[in-house]
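A.B. asks: What follows is each chain in one-letter form.
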Amino acid sequence: MSALAEMLQGEVARAAAETLLTVENVSLTFGGVRALSDISFDIRKGEIRAIIGPNGAGKTSMLNCINGFYHPRSGRITFKGKTRQRMRPYEAASQGIARTFQNVALFKGMTTLDNILTGRTLKMNRNFFWQLLRHGPAMREEIEHRIYCEDIIDFLEIEHIRKTPVGKLPYGLQKRVELGRALAMQPDLLLLDEPMAGMNLEEKEDMCRFILDVNRHFRTTIALIEHDMGVVMDISDRVVVLEYGHKIADGTPDEVKADQRVIDAYLGVSH
Amino acid sequence: MDLIYSIFVDPFLQMAGAPDLLVQTLWEGFVGGILYALIALGFVLIFKASGVFNFAQGIMVVFAALTLVGLYEKGVPAFLALALTIGVMFLIAAAVERVVLRPLVNQPDIILFMATFGLTYLLIGLGEAIFGGNPKVMIAEQLYLPKGAVDIKMLGGVVTLQKIDIAAAVIALAMIACLSVFFQYTRIGRALRAVADSHKAALSVGISLNQIWVIVWFLAGVVALITGIMWGARSDVSFALQVVALKALPVLVLGGFTSIPGAVVGGLIIGIGEKIGEFYWGPLVGGATESWLAYCIALVFLMFRPQGLFGERIIERI
Chain V
240 MSALAEMLQG EVARAAAETL LTVENVSLTF GGVRALSDIS FDIRKGEIRA IIGPNGAGKT
300 SMLNCINGFY HPRSGRITFK GKTRQRMRPY EAASQGIART FQNVALFKGM TTLDNILTGR
360 TLKMNRNFFW QLLRHGPAMR EEIEHRIYCE DIIDFLEIEH IRKTPVGKLP YGLQKRVELG
420 RALAMQPDLL LLDEPMAGMN LEEKEDMCRF ILDVNRHFRT TIALIEHDMG VVMDISDRVV
480 VLEYGHKIAD GTPDEVKADQ RVIDAYLGVS H
Chain C
6 MDLIYSIFVD PFLQMAGAPD LLVQTLWEGF VGGILYALIA LGFVLIFKAS GVFNFAQGIM
66 VVFAALTLVG LYEKGVPAFL ALALTIGVMF LIAAAVERVV LRPLVNQPDI ILFMATFGLT
126 YLLIGLGEAI FGGNPKVMIA EQLYLPKGAV DIKMLGGVVT LQKIDIAAAV IALAMIACLS
186 VFFQYTRIGR ALRAVADSHK AALSVGISLN QIWVIVWFLA GVVALITGIM WGARSDVSFA
246 LQVVALKALP VLVLGGFTSI PGAVVGGLII GIGEKIGEFY WGPLVGGATE SWLAYCIALV
306 FLMFRPQGLF GERIIERI
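As you go down the protein sequences, you meet chains V and C in turn.
This note's numbering applies: residue 240 is where the first sequence begins, and numbers increase by one.
This note's numbering applies: residue 6 is where the second sequence begins, and numbers increase by one.
None of these hints come from the bench; they were simulated from the model.
Do not take every clue at face value.
To be verified - Taking lysine-lysine pairs in the DSSO-like style, the calculated list, with each CA pair at most 27 Å apart, reads:
#1 C:K168 <-> C:K158
#2 V:K402 <-> C:K158
#3 V:K284 <-> V:K362
#4 C:K205 <-> V:K362
#5 V:K362 <-> V:K443
#6 V:K321 <-> C:K205
#7 V:K407 <-> C:K152
#8 V:K319 <-> C:K168
#9 C:K141 <-> C:K158
#10 V:K402 <-> V:K284
#11 V:K443 <-> C:K205
#12 V:K362 <-> V:K321
#13 V:K319 <-> V:K362
#14 C:K141 <-> C:K79
#15 V:K402 <-> V:K443
#16 V:K319 <-> V:K284
#17 C:K168 <-> C:K152
#18 V:K284 <-> V:K321
Given these sequences and hints, build the entire structure.
C.D. replies: Here it is in structure tokens:
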């Protein structure tokens, strides 16, 4: 009995320790500006990992490196055991990294449903001649994807705006549609860049609930940048703190909260 | 008084008096309009997917037609020449993506626009160097395009329809229908629309911009080839054809830069408006209205609908 429990515990611990993404000594410069200096951290499978730091600390640059928009000057990024040199964003996407943006990047002229369907782009295999004919296997495939997207729409509670061009939606809903599009990619790693920026309390609570649900039900690993400390400390498993492109702390929310450097740099020194 | 009569009354009396002539004029306007729509379509494709107004579309029409005729003159069978020309258009698309678009990614639209000017002059030079500057005759017969005319007796007169015009209208409409379905329902079509809206979002869901650009420029090239064949069969294949492409401008203003149905409706309004204006009101100002009337029609529309008839509403949250 105790042996079984031990084994199970070991299993759980091993699963928890399995790393999905490792960032090693990554540096990034723009001209003479050092955006990131020698950053290392890892993201474990199934966790919610927060990246925090004051404005201009390099948080978004870090995400951009992970997802291939920026190419680090030095250092290595290993995702699912594969170390990469220069990678294009669509290659990152095909390996299973999805993301949302700080200032929403949606296809404004398209409907909510179409926006979410674009997330399935990489999952559609049928030759486009079949798709043109709207017949046979292509039709079946289209229906499958459509069902998948409708499930996401249900999950995010945005049924009522399925056919609305997203440009017309209020900001909070746009953020939700963007999350939906990222989820449609069935990502292994979901990068969220300030998912709650500019939201009111109620919208924030909804978004928190969605993030936690995504993490639990879809077992999706999430890395997020957020400024709302209450939210970050509540929902994340581990937190990385950046300041001026340097990593100054890394640990559980409680450890980070207690770290003197973080208190000084981030929360402000009292005078 | 006479002037008012000759503007507002007389033309309509003429129309009512000779309905067969009116139908003839409408038909010619219709065919012209469809062909304008075809040119506009080339612009719309590229504008939709990359936000670039491709100034080189006109010369692409000429270049495609010249390549086709040039290959045939070198002794290549007509349909093989057609296939080879399609191949050449693909090579141009790939080269444009690699040499022009990729290095200029993320630059302001105006820079890309200027780059298409460069491309225009490059293609003019290349075309003249390879095929010479003399007008050529389109190989319409060898491509089994019909010749001659059909006379239809109606409304107490005879309406003459050129067979090539009928063929042009049918082919153009089929092409437009295919493209609409392609944009609306296929994965690549959806990706094209996505790229048009936001580059970085498109990249983040795994769409390769480079691939999409090659596809749209290739499609625009094929549309240019078909346009070149049709216009070439009605007149000659020469560099003067390039100027016709500028007629696509008022069509685009009318229809909206991003809409395929818009290009069709815009083309028809311009085509028919032009012919009717020339025929019934032209004599009042001494004729030759065809060269400018289209632009006036476009201006009037622009006042009331700046985004064009079918253009995407510009939604900007502040």
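A.B. asks: Decide, hint by hint, whether the structure agrees.
C.D. replies: Hint check:
1. Restraint check: the Cα-Cα separation between C:K168 and C:K158 comes to about 16 Å, which is no more than 27 Å; the hinted pair holds.
2. Our distance criterion of 27 Å between C-alpha atoms is broken by V:K402 and C:K158, whose separation comes to about 49 Å.
3. With a C-alpha separation of about 22 Å, the suggested pairing of V:K284 with V:K362 holds against the 27 Å cut-off.
4. For the given pair, C:K205 sits about 19 Å from V:K362 by alpha-carbon distance, which is consistent with the 27 Å threshold.
5. With a C-alpha separation of about 31 Å, the suggested pairing of V:K362 with V:K443 is violated against the 27 Å cut-off.
6. With a C-alpha separation of about 24 Å, the suggested pair V:K321 and C:K205 falls inside the 27 Å cut-off, and the hint holds.
7. For the suggested pair V:K407 and C:K152, the alpha carbons sit about 52 Å apart, so the restraint of at most 27 Å is broken.
8. A distance of roughly 63 Å separates the Cα atoms of V:K319 and C:K168; the hinted pair therefore is violated under the 27 Å criterion.
9. Taking the CA atoms of C:K141 and C:K158, the gap is about 35 Å. The hint is violated against a cut of 27 Å.
10. A threshold of 27 Å between alpha carbons decides the hint, and for V:K402 with V:K284 the separation of about 35 Å lies outside it, so the pair is violated.
11. Note on V:K443 and C:K205: the hinted pairing holds, with a Cα-Cα distance of about 25 Å set against a maximum of 27 Å.
12. With a C-alpha separation of about 21 Å, the suggested pair V:K362 and V:K321 falls inside the 27 Å cut-off, and the hint holds.
13. About 19 Å separates the Cα atoms of V:K319 and V:K362, which keeps this hinted pair within 27 Å; it holds.
14. Between C:K141 and C:K79 the alpha-carbon distance is near 13 Å, which keeps this suggested pair within the 27 Å criterion.
15. Between V:K402 and V:K443 the CA atoms are separated by roughly 24 Å; this keeps the pair inside 27 Å, and the hint holds.
16. Pair hint V:K319 plus V:K284 holds up; C-alpha atoms about 10 Å apart against a cutoff of 27 Å.
17. In summary, the hint linking C:K168 to C:K152 is supported, as the alpha carbons are separated by about 6 Å, within the 27 Å threshold.
18. At most 27 Å may separate the alpha-carbon atoms for a hinted pair to count; V:K284 and V:K321 meet this at roughly 15 Å.
The structure fails to meet hints 2, 5, 7, 8, 9, 10 from the earlier list, while all remaining hints are met.
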